[in-house]
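Protein chains: 2
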Amino acid sequence: MATDPPPSPVRFGIVGCANIARKVSRAILLSPNSTIVAVGSRSAAKAAAFAEENGFPAAAKAYGSYDAVLDDPDVDAVYIPLPTSLHRHWAVAAAMKKKHVLLEKPVALNAAELDEILAACDSSGVQYMDATMWMHHPRTAEMKAFLADDRRFGRLKSIHSIFSYNSGEEFLKNDIRVKPDLDSLGALGDAGWYCIRAILWAADYSLPKTATALRDVEFNEAGVILSCGASLHFPAGGVATLYCSFLSNLTMEISILGANGFLRVHDFVIPFKENVGPFYVNANTKFARLSVGIEPEPTECVARTDLPQEALMVKEFASLVIKIRENGAEAEKKWPTISRKTQIVVDAIKASIDKGFVPVEIVE
Amino acid sequence: MATDPPPSPVRFGIVGCANIARKVSRAILLSPNSTIVAVGSRSAAKAAAFAEENGFPAAAKAYGSYDAVLDDPDVDAVYIPLPTSLHRHWAVAAAMKKKHVLLEKPVALNAAELDEILAACDSSGVQYMDATMWMHHPRTAEMKAFLADDRRFGRLKSIHSIFSYNSGEEFLKNDIRVKPDLDSLGALGDAGWYCIRAILWAADYSLPKTATALRDVEFNEAGVILSCGASLHFPAGGVATLYCSFLSNLTMEISILGANGFLRVHDFVIPFKENVGPFYVNANTKFARLSVGIEPEPTECVARTDLPQEALMVKEFASLVIKIRENGAEAEKKWPTISRKTQIVVDAIKASIDKGFVPVEIVE
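Chains as they are written, first to last, in our numbering: chain A, 41 to 404; chain B, 41 to 404.
None of these hints come from the bench; they were simulated from the model.
Some clues are possibly wrong.
Only pairs whose alpha carbons sit at most 30 angstroms apart, straight line, appear in this in silico DSS-like list of lysine-lysine [claimed, not checked]: (1) A/K326 x B/K313; (2) B/K395 x A/K395; (3) A/K381 x A/K355; (4) B/K184 x A/K313; (5) B/K249 x A/K249; (6) A/K326 x B/K86; (7) A/K313 x B/K313; (8) A/K138 x A/K381; (9) B/K326 x A/K86; (10) B/K313 x A/K184; (11) B/K326 x A/K219; (12) A/K355 x B/K326; (13) A/K213 x B/K326; (14) A/K249 x B/K395.
Please construct the entire structure, taking both the sequences and the accompanying hints into account.
Here it is, written out as C-alpha cells:
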C-alpha cells in the first residue's frame, strides 16, 4: 500500500544574528519538520560565520541584508531576533512577502505596533507566533491539566511569578535590551514578558482588569527599566503579582494558588535540565493533628521530553505552516491572540510606571 | 566539685482553652525549662477537662476564670490564646500582676492597643513575646545566615510570602477569627501576620515606607477580611508582596530574591515534618551554554531539630524569664520591638484596604 511521502520541511530564513538566534537555529535543525536555508545580517561575512558556527546545512545562503532573506523564494518562514524597535518594520515586511513569522519577544514596543504586524500577517494568510519557548514544553500542558482540575485545584486565587537574571556589567553597558532606541521596554519587555505570559496562561487568558506597578522600579541612566514589579487584578476575582529584573540572581518562578490546590515551578522559562520538566503540586492540604505538619505533603511531577522546548516550539510553528501550505488551512489564531494580550499587559504596566504607580485599566 | 542546681522551671498559667493552646501546652511540657501549673477558662469544668486531655501535671490547677490564673502566686508567666479583642485587657492585667506574657498573634487589634500592652510589660519589668513559632526553628537562623552572605545573596531585591489555608464551612461560620467583635483583622491578622513577619525578618526589620493593599479582597458578610494581599516598598529599595487567605489551599511560602542569590521555603509557618526544616538556595546562578539549563542548580539545605519549633519558642521565652528572675536582667527588647513592627504593617495594610487600595505611609 502506497503512503504519501512526508511533507517537505519548512524552510527558515534567520533575520539577524543575535545571540538568541544560536539557540533557535539549533532548535530549527533539531525539529523534524523544518530546516534553515538562509541567514541575513548587515554584513554577509558575519552571516556566513554565523551559519558555519551554528552548523547550518552547507547549501544555506548567507546574505548581507535582511531584505535578501525576505526576497529569497526558497524561504517559507522567518525567525526574527532583531532588536524590538525593528520588529514592526521587518515583521510587516516579511508578512508582505508571504513569509510566516516566528517573532522574538518582546514582540513590539507597544500593542499598536503589534497590531500592524498582526494585520500584515492576517492579510497575507501567514502564521504568526512569538518565540515564548516554555509554552511548548509538555510540562506546560501537564501543569494546565492540574489547574483545570476543580477538585484538586479549584478556583484561581493568586499567582506570583519572577523572572530575573543578574545580567552583569557588559550587558548593562552594551546589550540592546538596555538601549532606549533599541528596546525601551528593558527588563519589563524581556524578563517581564515571561511572567505576564505565565499569569495569563494560568488565568486561561482572561485579561486582568487593572495593572498597578509596584513602587520600586530601577532604571538605567537612559531611563530604561532594569527591574520592576506589578500587581494585576482579575475581573472574576484573583490577583497576580510579578517581579522581573536584570539586577537579581537568575530565578524563574511561578506559584499558583487555588481554593483547593497549589502549584509551583522553579525553572519555568528554561528548564534546569533539557529533557525533564519538574513541577510541584499539593491538593486538599490539611494540617495534621495539633497543627503539627500537614497532610499530604507536596508531590513532585515530572514531564519528560526528547526534544528541547524550543525545538517543540519550532515543530508546532512549522506544523501550522505545513497545514496552511498543504491543506489551505487558515493560520492558527491562538498564537497572535495570546501574544497581543501579553503585549497589552506589558503596555499597561509601563503606563502605570510612567504615571506614578497608579492603577491602569486594561482594555482589549 | 559542686555545681549549681539548674534553675527551677518557669511555671506557666494558660489563660483560655483555645485550640492552639493544645499545641502550645504540649510545647511548654516539652521544653526543659518550663512547666504548667494552672489553666483558666470561663468554666472550671472546661479548664479541668483541658488539663486532663492535654496531659498537664497532676498538681496543675484548673480555674473557672482568667483572673484566678493571674492571681495565683505560683504562676510566673502566662500564655494568652484568647480572641484578639481581649488581648489588651488580659495582657495588661497579667503584666500588672508581674506575670511574663507569651501572647498569641495577632497580638492586638492595632498598634495603639499593643502599645498599652508593651507599656504595662515594660513598667512591670516582665518579658513579652508573641507566639510566632517559626522564628525559633533553627532553620530560621540558617536561612538568615544565607541572606546575610553578601557574596551568595547580596542586596535584597524582592520578597514574596503566602500563608493560606482552606478553613472550611464550620470555621467560616463560627471561628473567632471571622467574628468582627472578636477578631476584626480576620485573615490579615491571622495568616497575614506570618507573611508580614517573614518580610520584616528578611529585611532585617527595617520598616517599609509604604503599604498598598492589592485590589482584590474577600470579606465575609460582617466585613471581616477572608483574603487579601499587599505590596510593601522599602525605603532602601526592594519590594515585597504577600497574600493571605482563609479561602485557599494550605500554603506557606517565602521566596526571597537578592542580587546574587535566591532562597525559598515551602513550609515556613509549620514544617511539613516536625524535626526537619528544609529550604532551597541558589547563588550566582548563570545560564549554561546557549541558555540551555543553568549552573549551578538549587541546593536543598536541611536544618534539624530535636524539639519542635514551638517548644524552642517556649524554651527561649523561659530562658529570658529565668535571666530576669535569677540575674535581675532586663527584659529582652527584641521581641516587643519586632512584634510592634509587625502590628504596624498589619495596621497599614488594613488602612490601605479601608481607604480603597491607596498607598499608606508607614511611620513608626
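The hints, checked one at a time:
1. For the suggested pair A/K326 and B/K313, the alpha carbons sit about 13 angstroms apart, so the restraint of at most 30 angstroms is met.
2. For the hint pairing B/K395 with A/K395, the CA-to-CA distance comes to about 20 angstroms; that is within 30 angstroms, so the pair holds.
3. The suggested pairing of A/K381 with A/K355 holds, with an alpha-carbon distance near 23 angstroms, which does not exceed 30 angstroms.
4. Under the criterion of a C-alpha separation no larger than 30 angstroms, the hint pairing B/K184 with A/K313 is consistent with the structure, at around 29 angstroms.
5. Distance restraint check for B/K249 and A/K249: the Cα-Cα separation of roughly 27 angstroms lies within the 30 angstroms cut-off, and the hinted pair is therefore satisfied.
6. Our distance criterion of 30 angstroms between C-alpha atoms is met by A/K326 and B/K86, whose separation comes to about 27 angstroms.
7. Distance restraint check for A/K313 and B/K313: the Cα-Cα separation of roughly 29 angstroms lies within the 30 angstroms cut-off, and the hinted pair is therefore satisfied.
8. With a CA separation close to 24 angstroms, the supplied pair A/K138 and A/K381 stays within the 30 angstroms bound.
9. Only pairs whose Cα atoms come within 30 angstroms are accepted, and B/K326 paired with A/K86 is accepted, the gap being roughly 27 angstroms.
10. A C-alpha spacing of about 29 angstroms is found between B/K313 and A/K184, which places the hinted pair at or below 30 angstroms, so the restraint holds.
11. At most 30 angstroms may separate the alpha-carbon atoms for a hinted pair to count; B/K326 and A/K219 meet this at roughly 23 angstroms.
12. For a cut-off of 30 angstroms, the pair hint linking A/K355 to B/K326 stands: about 28 angstroms separates their Cα positions.
13. Of the supplied pair hints, the one linking A/K213 and B/K326 holds, its CA atoms being roughly 18 angstroms apart against a limit of 30 angstroms.
14. Restraint check for A/K249 and B/K395: the C-alpha separation of about 20 angstroms stays at or below 30 angstroms, so the hint holds.
Figure legend: structure checked against the earlier numbered hints; every hint is met.
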